[in-house]
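Place chain X on chain C using the hints.
If you read the sequences in order, they're chains C and X.
Mapping to the numbering used here: the first sequence position 46 is 46, numbers consecutive.
Mapping to the numbering used here: the second sequence position 124 is 124, numbers consecutive.
Fair warning: there could be bad hints in the mix.
Copies of the same chain look alike in the list, so a pair counts if it fits in one copy or across any two.
[Stated by the list, open to error] Computed cross-link-like contacts, DSS-like style, restricted to lysine-lysine with a CA-CA straight-line distance of at most 30 Å:
#1 K73 to K19
#2 K57 to K179
#3 K115 to K126
By construction, these hints were calculated from the structure, which means they are not laboratory data.
Quick caveat: nothing in here was measured; it's all calculated off a predicted structure.
2 protein chains.
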Amino acid sequence: MKVPEPTLRRLPWYLAYAKLCQTQGATYLTSTQIAREIAVDSSLVAKDFSYVNISGKTRVGYEINVLIATLEKFLGFSQSHKAFLFGVGSLGSSLLHDNGLEQYGLEIVAGFDVKYELAGMQIGRKPIHHISHFGELQQKMDVVIGVLTVPVDKAQEVADLMVAGGIKAIWNFTPFRIKVPRNIVVQNTSMYAHLAVMFNRLHDI
Amino acid sequence: MKVPEPTLRRLPWYLAYAKLCQTQGATYLTSTQIAREIAVDSSLVAKDFSYVNISGKTRVGYEINVLIATLEKFLGFSQSHKAFLFGVGSLGSSLLHDNGLEQYGLEIVAGFDVKYELAGMQIGRKPIHHISHFGELQQKMDVVIGVLTVPVDKAQEVADLMVAGGIKAIWNFTPFRIKVPRNIVVQNTSMYAHLAVMFNRLHDI
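This is chain C alone, in the form it adopts within the complex:
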């Protein structure tokens, strides 16, 4: 049963809220409480939870510890997924510095760049290699996730290289729509598109 993307995007909100309630000392949480807090319909919360193997008790709701552990496992946050990062520019370096990603299951183990002067450096304690060493390292480390932070005009070329080298999932931070074979997972996080929405709405006020 394929979990719909909107569900997968809402579950982390429920998780964040459950964690907050936990730090405030709560032990149980109902879907009605979640629905009210997140401002979605409670039937939607119940539907989202139907994809996850979570069972609550009538009236008292879900045991928070169990809810958190189950959601973290379901979302893949409690498991470590190794990833390579491609393009050690401004955004790429930032992500190498961000160890918050590890708490959510993503461990960037190395960065690659075309610039020879970057090879051999460490950024955020992650080694940087020249892009020509990717194939060799991929075979050794069997990394299947690639973070794409290259300039727009290199996005497709590097995506092709990633796929050819064995990457199965690409987290694309470029505003470019990369083309990949059907069996490759692509998740687009275009921060600039979010900026555009924010600027536009701000001017409408």
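This is chain X only, laid out in the frame that chain C set:
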């Protein structure tokens, strides 16, 4: 006429593609070419462009230089928008380092944190202040955009503080659904939700 959010999210893709074509020496671009490249329907491209004041010539299409300049202006990327950042942890520091945002119109001018030991520091050449100085600096600098990168359990509290201090638009990077008055713009960029989608789809392969 309020521009729909999906349109605002697609326009930066068109812009990225137009810039790519420009570097490759093209001078004109048709909506059919854009549609084929971005893998959307060409009527959708035309509809998206109808919100922007762009006129193409029959058959030859849009003049690329004009298209790029018009889109950048429309999306707010060619204007500098000052912003404050709240929460100088791992992700917050990363964003202070990312000068790529400036190319898209966002200039983070200062960071705020509750930790007294961070006050007086500079990260990515941006000064860090104790959160207690926010009100005073906001009045001086008239910044209306706030980037929210605090821990989940502080998200609502800090959002309230931002709004009380005069922030009109919040770029929320926390996985928490903050509640704000109706006239405040919120743009959620939950990188962890994107990770969850990627992990899930990867396991489905």
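Comparing the hints with the structure gives:
no. : hint         : result
1   : K73 to K19   : within (14 Å within a copy, 41 Å between copies)
2   : K57 to K179  : between (46 Å within a copy, 28 Å between copies)
3   : K115 to K126 : both (16 Å within a copy, 27 Å between copies)
Hint compliance for this structure: every hint is met.
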